[in-house]
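Number of protein chains: 2
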Amino acid sequence: MHRASYEALVAERLEREALELAAKRRDPLSPYAEAPAPFARRRFMLGSLAALGVGALPAPRASAQALGAAVHDVPSDPTKTPGYPLADESYGTRSQFETAVRRRFKTSTPLSSWTMTPLEDGMGVVTPSGLHFERSHAGTAVIDPAQHRLYVHGMVDEPRKYTMNDLKRFPSLSRLMFLECSGNGLTEWAKPTMATVQFTHGLTSTSEWTGVPLSAILNEAGLRPGAKWLLAEGGDAAMMTRSIPLAKAMQDCFLAYGQNGEALRPEQGYPLRLMVPGYEGNINIKWLRRIEVSDAPFMTREETSKYTDLFPDGKAVQFSLAMEAKSVITSPSGAMTLDGPGFREITGLAWSGRGAIRRVDVSTDGGRTWRRAALQAPVLPICHTRFRFPWQWDGREAVLQSRCVDDTGYVQPTLGQLIAVRGLNGPLGSVYHLNAIQSWHVTTDGKVTNVHDY
Amino acid sequence: MHRASYEALVAERLEREALELAAKRRDPLSPYAEAPAPFARRRFMLGSLAALGVGALPAPRASAQALGAAVHDVPSDPTKTPGYPLADESYGTRSQFETAVRRRFKTSTPLSSWTMTPLEDGMGVVTPSGLHFERSHAGTAVIDPAQHRLYVHGMVDEPRKYTMNDLKRFPSLSRLMFLECSGNGLTEWAKPTMATVQFTHGLTSTSEWTGVPLSAILNEAGLRPGAKWLLAEGGDAAMMTRSIPLAKAMQDCFLAYGQNGEALRPEQGYPLRLMVPGYEGNINIKWLRRIEVSDAPFMTREETSKYTDLFPDGKAVQFSLAMEAKSVITSPSGAMTLDGPGFREITGLAWSGRGAIRRVDVSTDGGRTWRRAALQAPVLPICHTRFRFPWQWDGREAVLQSRCVDDTGYVQPTLGQLIAVRGLNGPLGSVYHLNAIQSWHVTTDGKVTNVHDY
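Protein chains in written order, with my numbering: chain W, 1 to 454; chain U, 1 to 454.
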């Protein structure tokens, strides 16, 4: 049964296989059970990348290099040609055949802008650090960690100044946690505008963050009686500032210097970021350089003229900080094409800024009927949760939706329910905190598009 | 209390701070409680990298570029200079100031060799994919995923051939899981030979892997009566082959195409790797191209002449597949220097191929007394678990050790206990499956070295 007999054996059996395949119906989860053709996702991806000028297989070299991959010759038989040698020192890159990228929402300047995670390419819950979404107001600051200082002052017994080495000597914690920009989906309130889940939902990502509890730092400075809020200030050219309730700061905030097992990435605030679990991304101040304790919020630009929620009666709600429960199907999703009926796994992500996801239901008929999806363990609070749902597509029109419930009992609303409360009064419709159920329409020829009104 | 008053306020208060710091003793976990000097770790790292020719701050540019970082000008005041713009398409890199690398154990050829994860730089449990250890027997194969096929044959009802797209249509799973080469620490049996934890323990890493359960594939092929083992064969030039008990294959093995939220990295077997949870790294066949089902093990080179354990009586044990419970303190660890007494957090990793870590104890006196360390949640089976232990170093000689217990009740042995059973008969002493307690000696001047005999 060894190598000598292998070629003959495979040849003989695979001849039979082609005939037997169609007759084979043993495993209802088999992709062959009803549809022999492979899933068309890869073909879509290459097509769309080619349209963007990234290039297409079988000549991926230039594009792969531009995307940071080491590029090697591809042997016709990799068992007959040695691979490339292991380097004495290395920091590895992905395969030259992989092309997923963050993509920028085309704001008027790339200095105040955002890029979005390709959720359709994601697997599991960890977002590769190189694909974590970005949102900056004055570009990505370049800071030498040896020069960086954190000041803590205001209503404290003793103001403090910390180097990065000082902070790394405190007791540490790690936490798998999502971040989400409160502007995620901002163009989608009134009508569907974006083709892909990257652009409808890609302002959220999950990393394992490591740092020091903010309570340890505040306890060392000593909080004065009457202290109720703090200001966090970034060290970038935007000097981003936001106010945080002191109770939240003492409960679970932390100062992160680590992300996915290494230093924080530059675009995530290297060398230091304030983490505010479950609160809108913007308040998780990057390049953190100053914390000022006070008895009232500071009413900064980013919590008065921006990052507020205008309601139908003309009043705006401030400090709507927690991100409510939300979910989205990432595959199949917008701009993919299914090339024939049969089995495919529906999968996606669910998350809540209030706690853990308790359940996710999936509908393939636009919300008329729902069935429970499986949640991938571990299901962690304030972390992306991967859900999976087995689907036999019968080839008819379908509308795919997911709906999550978090452990406070909150149920993700339909877009209609959300608009009934929030209205469409904001400058682009109601800009922030869109957490409605997403609908993907599947046509009889397998095309998947972003739709409303289901 | 806003920006205008900030400079004056900080200046005035920080003047007082210097005097008050020494008198301040409020928080027993404060790094200032007994020792004002910062931890010397960064200084050590730069020193050791300089010795290796990587270069040192403040001129990190060439080295950073060589290590794959985008390099930018460093402004004197990042609040006065815009950062760099967000790219339309990007796959981000780490900061130009970060220099952690995998390092190669200097085997005679870099084609059959291994590189080791810098565990001393790790945070949390996820290993950055670029720093995941490598072990290859014929270099890193370069495989076009569109051309790759997996054959399943032997004692099955119908042989099968799968493309990568076929496999991605099956139901999927994700799992945070460690891998460890059974040769991890192979030179350390008889005497301490390596200076750093990277070289004593760096052949283990954790990723979130995604793929398809092997049972789904085997069920589709149909197992014939009497089937008991399978052969997994790699598609690299080594054509690495190992035998796996069928019971294990059906229990929890899976075929991974994803790692940390993106495609498997090339050096981890792109595009497809067999995952055998808790078993020695070598059996997790990379570049997987063939699975052959049989009624007996195949007695391949890598489970007869290699990867066996020679005992004192001259007999060798084959198929010692599960990795037993093991732990190591990663900070402080070998070649670091503590620059003065005071608080520092002892932290490290524990893992078991048999299940979850139940507890970790830490000794600072060479094993005479033990105290329980805190385990970072979530504590997952067959996954690195981060432990933390607060330590006030009194400036005297110390020997730091960690000892873990897994949820089968297995207790990590001392080196003496392990040698009493295993002997030192292997070609380099007993090469494989060294899971003894590691000792780090701290001298009164703060130097940390790798020692035995404690």
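It is worth saying that the hints were derived from the structure and are not from the lab.
Hints are not guaranteed to be accurate.
[Unchecked claim] With a straight-line Cα cutoff of 30 Å, these simulated DSSO-like cross-link-like pairs (lysine-lysine) come out:
{"hint": "1", "chain 1": "W", "residue 1": "Lys106", "chain 2": "U", "residue 2": "Lys80"}
{"hint": "2", "chain 1": "W", "residue 1": "Lys80", "chain 2": "U", "residue 2": "Lys80"}
{"hint": "3", "chain 1": "W", "residue 1": "Lys80", "chain 2": "U", "residue 2": "Lys106"}
{"hint": "4", "chain 1": "U", "residue 1": "Lys306", "chain 2": "W", "residue 2": "Lys80"}
For each hint, the structure was consulted:
| no. | hint | result |
| --- | --- | --- |
| 1 | W:Lys106 - U:Lys80 | 25 Å, holds |
| 2 | W:Lys80 - U:Lys80 | 57 Å, violated |
| 3 | W:Lys80 - U:Lys106 | 25 Å, holds |
| 4 | U:Lys306 - W:Lys80 | 23 Å, holds |
Violated hints amount to a single one, hint 2; each of the other numbered hints is respected by the structure.
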